[in-house]
Amino acid sequence: MRIGTLKESYVADAALFDSVTQKAWLGVGAALLLLFPFVANDYWLYLACLVAINVASATGLNILTGYTGLVSLGQAAFMGLGAYTVAILEIHTGSPFAVNLLAGGGVAMLGGLIVGIPSLRVKGLYLAIATIAASFIAHFLFANLSFTGGTGGLSMPPASLFGLPLDTSFRLYWLILPVTIAMLWGAANLFRTRVGRAFIAIRDRDISAEVLGIPLLRYKLLSFGLSSFYAGVAGGLWAYFFRVVTPESFPLLMSIFFLAAIIVGGMGTILGGILGAVFMTMVPEVLKLVFDLLPGGTAMTVFLSPVRTVIFGLLIVGFLVFEPHGLAEVWRRIRRYFHLWPFRH
Amino acid sequence: MKKASPSLTRRSLVLATGAALAAPALVHAQAEDIVIGGSIPMTGVFAFAGVGINAGITDYVKMVNDAGGIKGRKIRYVPEDTAYKVDVSVAAFKKITSQNKVNLYYGDSTGFAKTINPELDRNANILMAGASFATELNDPKKYPNQFLVGPDYTEMFGILLRHIAKEKPGAKVAFVYSDSEFGRDPIDESEALAKKLGLSVAAKIMTPPGSVDVSTEVIKLRRAAPDYTIFHGYILAPIPEFIQQGKQQGMTSKWMGTFWTMDSSTVMKMGEAGDGFMGVMPFRYYYDTSAKAPMLDKIRAMRPEYQSTAYMQGFLTAMLFTEAAKRTLDAGKALNGANLKAALNSIKDFDTGGIIGVPVTISGNSIPVGRVYRADMKAQKMVPASDWIKLN
Numbered sequence: 001m002r003i004g005t006l007k008e009s010y011v012a013d014a015a016l017f018d019s020v021t022q023k024a025w026l027g028v029g030a031a032l033l034l035l036f037p038f039v040a041n042d043y044w045l046y047l048a049c050l051v052a053i054n055v056a057s058a059t060g061l062n063i064l065t066g067y068t069g070l071v072s073l074g075q076a077a078f079m080g081l082g083a084y085t086v087a088i089l090e091i092h093t094g095s096p097f098a099v100n101l102l103a104g105g106g107v108a109m110l111g112g113l114i115v116g117i118p119s120l121r122v123k124g125l126y127l128a129i130a131t132i133a134a135s136f137i138a139h140f141l142f143a144n145l146s147f148t149g150g151t152g153g154l155s156m157p158p159a160s161l162f163g164l165p166l167d168t169s170f171r172l173y174w175l176i177l178p179v180t181i182a183m184l185w186g187a188a189n190l191f192r193t194r195v196g197r198a199f200i201a202i203r204d205r206d207i208s209a210e211v212l213g214i215p216l217l218r219y220k221l222l223s224f225g226l227s228s229f230y231a232g233v234a235g236g237l238w239a240y241f242f243r244v245v246t247p248e249s250f251p252l253l254m255s256i257f258f259l260a261a262i263i264v265g266g267m268g269t270i271l272g273g274i275l276g277a278v279f280m281t282m283v284p285e286v287l288k289l290v291f292d293l294l295p296g297g298t299a300m301t302v303f304l305s306p307v308r309t310v311i312f313g314l315l316i317v318g319f320l321v322f323e324p325h326g327l328a329e330v331w332r333r334i335r336r337y338f339h340l341w342p343f344r345h
Numbered sequence: 346m347k348k349a350s351p352s353l354t355r356r357s358l359v360l361a362t363g364a365a366l367a368a369p370a371l372v373h374a375q376a377e378d379i380v381i382g383g384s385i386p387m388t389g390v391f392a393f394a395g396v397g398i399n400a401g402i403t404d405y406v407k408m409v410n411d412a413g414g415i416k417g418r419k420i421r422y423v424p425e426d427t428a429y430k431v432d433v434s435v436a437a438f439k440k441i442t443s444q445n446k447v448n449l450y451y452g453d454s455t456g457f458a459k460t461i462n463p464e465l466d467r468n469a470n471i472l473m474a475g476a477s478f479a480t481e482l483n484d485p486k487k488y489p490n491q492f493l494v495g496p497d498y499t500e501m502f503g504i505l506l507r508h509i510a511k512e513k514p515g516a517k518v519a520f521v522y523s524d525s526e527f528g529r530d531p532i533d534e535s536e537a538l539a540k541k542l543g544l545s546v547a548a549k550i551m552t553p554p555g556s557v558d559v560s561t562e563v564i565k566l567r568r569a570a571p572d573y574t575i576f577h578g579y580i581l582a583p584i585p586e587f588i589q590q591g592k593q594q595g596m597t598s599k600w601m602g603t604f605w606t607m608d609s610s611t612v613m614k615m616g617e618a619g620d621g622f623m624g625v626m627p628f629r630y631y632y633d634t635s636a637k638a639p640m641l642d643k644i645r646a647m648r649p650e651y652q653s654t655a656y657m658q659g660f661l662t663a664m665l666f667t668e669a670a671k672r673t674l675d676a677g678k679a680l681n682g683a684n685l686k687a688a689l690n691s692i693k694d695f696d697t698g699g700i701i702g703v704p705v706t707i708s709g710n711s712i713p714v715g716r717v718y719r720a721d722m723k724a725q726k727m728v729p730a731s732d733w734i735k736l737n
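Read top to bottom, the protein sequences are chains A and B.
Position 211 (the first sequence) corresponds to 211 in this note's numbering; numbering is contiguous.
Position 287 (the second sequence) corresponds to 632 in this note's numbering; numbering is contiguous.
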């Protein structure tokens, strides 16, 4: 049983990780992540990369929706902006992937700032509808501009590091995972700063926040910009991962996927974005593995596939009904139990 | 009880040990299965086709295995549902290829075919075909390890336009297509071909995919007064709406579609308005008994109920996969992407057992053959409206 954590300074009080146990588990987690590519096969590596990309994008949306209280259904469009920027730069300039990813994030950020303008006047569902416009406009631009390759999209060469092409899931893992971790680190630290706290104040009550001297437009736009930057970088990683970007790569449904991820994971927590993205990406795959164990072989695939989809849907509904604060809250409860163990209270 | 002599026991031991040592070697020597992986859309918007494709591949694989396989090697089909999503398809590919030594693969979409192409090139062990007929894939240089099981979309238009040029020289045609990669695919090249064939393109109308309210587009189409209207990039909607409103407004155009619109059940859903609807079909319909088709007879014996054109596509894909594998093994070569593709391209005047009505030759990445069929609503069937048309 953990009695308490002694904090002797303000720095210790504001630390991101405040206990030795937490740091030790983080170390174990990091070691596992480092070890993972060497033991996993191509399939699990692929999923790990996809989860990491989705975590990055979900974290971006969490900054906007979970922490600032602004609903957006444009996340996929911003990912598209990032992906196209990266693809175009990679094809035409061959610039280093770090530059391309930052440029992708920057372009998406600009898009986010423009789309965020209505956020001062409208919120909630109204803002959600306004951001849907971003999806339509982005799709139109991707499908009709000559440099985006029209409806056929763009096929791009792989990212490369010191001449080594990052063209396998194993190699891409070492690009995607560090970028995602850096983004998570940045987001976690953001909410220890004045800017992050201003976001939270706006979420909790925007009028009160304004009374407290927080300029709403500036901070709402900043939140949109940051969220879109995250989406842009995630889109860039997506482009490097799949190496084909088409207007149909980033449908509106993808934005709903990320919104669902942060709701299921738990809005307003970094862990929520991670768990939600993992849940939304992995559960359908895990269900596949479970169903594969059932007898019947390929003949049953045709019958079981729709059942799997229904179960996935029911799981989401179940979580929302029984744990509206998401998986992060479940995780918090588990931690609390072990803090008190062997006592119940 | 008589005790076994020591020499006999020793001999038995030696034999048993020998057998035990030889067993792994024998197992190893036994030829591996030939594996067909599949990203199959069994749920989602394309499930109507995926279920048929899956059944077609399964049936042909069973037929070959029942007949002893290929040179004693069994075929194993490993499908995964993709819900017609590219990322899920790629996950399925990774899963199947990491758990099996895959030789042949069925992909579910153009997006997947394009996305997985670098991986196919890198892997170099797999020959892939699939549900896409995208013109872009019909390029052996860019897509060396893939092929299309039928004509590409531009070739489908080519078949229809040739039929039109023959039936009504100098006719006016209109293209109605969806605003998607699928829809836009053949339009520009087909416009040029139409002009080359002496036809005039009276209108090109693009609509959102699956749109319902098309009244303004119908007015535009009526003004153009085409003799033939070709729909592309849709499955069903908004084709019946176009035809119904067009007929109400006095249009005399003949209406046409391409492969994914042309399943019998899809066309029959058009109701009375769809009577006479024509389209290009690379395969013979399940119920088409106009000529001898032993393979169709076998399919009918296996499955007495109607099988979709998607089934035929899946069945023929498995047939061509198998033929490529057989030719590769006959030549004593390894089953890798390059050898399988070379074997596939060695196919000349191949008899598909009547699934395609003429012998086929696959010189590049497609099979540029098709036939125009017409809907007979009274008989609730698609009936041949042309002979088999071969391009090139």
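If you are wondering where the hints come from, they were derived from the structure by calculation, not from laboratory data.
One or more of the hints may lead you astray.
Not everything, but these chain A residues come out facing chain B in the computed CB check (under 8 Å) [said to hold, decoys possible]:
| hint | residue |
| --- | --- |
| 1 | Ala15 |
| 2 | Asp18 |
| 3 | Phe38 |
| 4 | Leu50 |
| 5 | Thr151 |
| 6 | Phe242 |
| 7 | Glu285 |
| 8 | Glu329 |
Within a straight-line C-alpha distance of at most 27 Å, the following computed DSSO-like cross-link-like pairs (lysine-lysine) qualify [to be verified]:
| hint | chain 1 | residue 1 | chain 2 | residue 2 |
| --- | --- | --- | --- | --- |
| 9 | B | Lys419 | B | Lys726 |
| 10 | A | Lys288 | B | Lys407 |
| 11 | B | Lys693 | B | Lys486 |
| 12 | B | Lys549 | B | Lys599 |
| 13 | B | Lys614 | B | Lys726 |
| 14 | B | Lys446 | A | Lys288 |
| 15 | B | Lys643 | B | Lys671 |
| 16 | B | Lys517 | B | Lys486 |
| 17 | B | Lys419 | A | Lys288 |
Nothing here was measured: the structure is a model prediction, and the numbers come from that model.
Cβ coordinates follow ideal geometry from the N, Cα and C atoms, glycine included.
Hint check:
Because the smallest distance between the Cβ of Ala15 of chain A and any Cβ of chain B comes to about 37 Å, over 8 Å, the interface hint for this residue is violated. A hinted interface residue such as Asp18 of chain A counts as satisfied when its beta carbon comes closer than 8 Å to some beta carbon of chain B; here the least separation is about 37 Å, so the hint is violated. Of the supplied interface hints, the one on Phe38 of chain A is violated, with its beta-carbon coming no nearer than about 15 Å to a beta-carbon of chain B, more than 8 Å. At about 6 Å, the closest approach between the beta carbon of Leu50 of chain A and any beta carbon in chain B falls short of 8 Å, and the interface hint on this residue holds.
Interface hint status for Thr151 of chain A: upheld, as the beta-carbon distance to the closest one in chain B is roughly 4 Å, under 8 Å. Interface restraint check for Phe242 of chain A: the shortest CB-CB distance to chain B comes to about 5 Å, inside 8 Å, so the restraint holds. Contact between Glu285 of chain A and chain B, as hinted, is supported at the beta carbon level, the nearest pair being about 6 Å apart and thus within 8 Å. Hint status for Glu329 of chain A: violated, given a least beta-carbon distance of 28 Å to chain B, over 8 Å.
Between Lys419 of chain B and Lys726 of chain B the alpha-carbon distance is near 37 Å, which puts this suggested pair outside the 27 Å criterion. For a cut-off of 27 Å, the pair hint linking Lys288 of chain A to Lys407 of chain B stands: about 24 Å separates their Cα positions. Annotation: proposed proximity of Lys693 of chain B to Lys486 of chain B holds, straight-line Cα distance about 20 Å (limit 27 Å). Between Lys549 of chain B and Lys599 of chain B the CA atoms are separated by roughly 16 Å; this keeps the pair inside 27 Å, and the hint holds.
Simply put, Lys614 of chain B and Lys726 of chain B have alpha-carbon atoms about 12 Å apart, close enough for the 27 Å limit, and the pair holds. Taking the CA atoms of Lys446 of chain B and Lys288 of chain A, the gap is near 20 Å; set against the 27 Å cutoff, the hint holds. Between Lys643 of chain B and Lys671 of chain B, the direct Cα distance comes to roughly 21 Å. Compliance with the 27 Å bound is thereby established for this hinted pair. Proposed proximity of Lys517 of chain B and Lys486 of chain B is contradicted: the alpha carbons are some 36 Å apart, above 27 Å.
Restraint check for Lys419 of chain B and Lys288 of chain A: the C-alpha separation of about 25 Å stays at or below 27 Å, so the hint holds.
Checked against the numbered hints listed earlier, the structure breaks hints 1, 2, 3, 8, 9, 16; every other hint is satisfied.
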